[in-house]
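K.L.:
Residue numbers (my numbering), protein chains in the order written: chain H, 329 to 437; chain R, 52 to 168.
Just to be clear, a hint being listed does not mean it is correct.
With a Cα cut of at most 30 Å, we get these calculated DSSO-like pairs of lysine-lysine [what the hints assert, rightly or not]:
{"hint": "1", "chain 1": "H", "residue 1": "424", "chain 2": "R", "residue 2": "92"}
{"hint": "2", "chain 1": "R", "residue 1": "117", "chain 2": "H", "residue 2": "382"}
{"hint": "3", "chain 1": "H", "residue 1": "396", "chain 2": "H", "residue 2": "381"}
No wet-lab data here; the hints were simulated from the structure.
Here's the letter readout for the chains.
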Amino acid sequence: KNEVEQSPQNLTAQEGEFITINCSYSVGISALHWLQQHPGGGIVSLFMLSSGKKKHGRLIATINIQEKHSSLHITASHPRDSAVYICARIIQGAQKLVFGQGTRLTINP
Amino acid sequence: GAVVSQHPSWVICKSGTSVKIECRSLDFQATTMFWYRQFPKQSLMLMATSNEGSKATYEQGVEKDKFLINHASLTLSTLTVTSAHPEDSSFYICSAREGGGQGETQYFGPGTRLLVL
C-alpha cells in the first residue's frame, strides 16, 4: 500500500466544472506538495502546505493534519488545466518526497 | 519562481554507452538536488539525494555504480547513466531545493527523456 493515496486516479469533466482531487497519507508529515505534470512531462509545484488552506488563482489546496488528508480544488476548470496532479508528502526529519500515484485530469471544452 | 534547467531534454543512445544529464539551478543556490525516474503511466520514484560537496545518498535498489551523481557546485548536479541498457529508458527529472531547512519548496527541472536502443 502506497503511503500516499490519491483519488480519483482519472477524472474527466466539462469546462467550467468544479474539480476536487483528494490525497490521503498514512504517516505524519512536515508538509505536503501539490504538483502539476503536463503531458510533456514538465512538473510545476503548485502548493506546499503544512496547515490550513492556500489559494492561487483558480486553485485552492486544503489540508487537515489530524485526518491526514488534503484536497486540491480547481474552480471554473478549463481545458488547459488538463494534466496529471500529484500530491507528495515530505518525510518528517528527512528531505525526501513520497509521491502519490497521480490523478489524470482531462477537461473537455 | 525559481528555475531549474536540465540538459539534454532528449537523448537516444546505443546500448552500452554512457549518458550524462545535467541539472542546473539558474537563479538560486541549491544545497540539495534530487534525481527521480518516471516510467510511463507511473509516478516519480526518487533515485538519489545529492548534497553539494558530498556523496549522494541512493535509494534502495538504485545502483550507485550505474547511476553516478556529482554535485560539484551549488548550481549544478549531474547524473551519468553508465553502460546504459534498454531497461534504463525512462524519463529522468531533477529537482532542486534552496536552503537547508525542512519544508522548502522543491523546484523541478523539465526532465530528460532517455531512450536506449
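K.L.:
Would you list, in rising numerical order, the hints stated earlier that this structure does not obey?
P.N.:
Failing hint: just 2.
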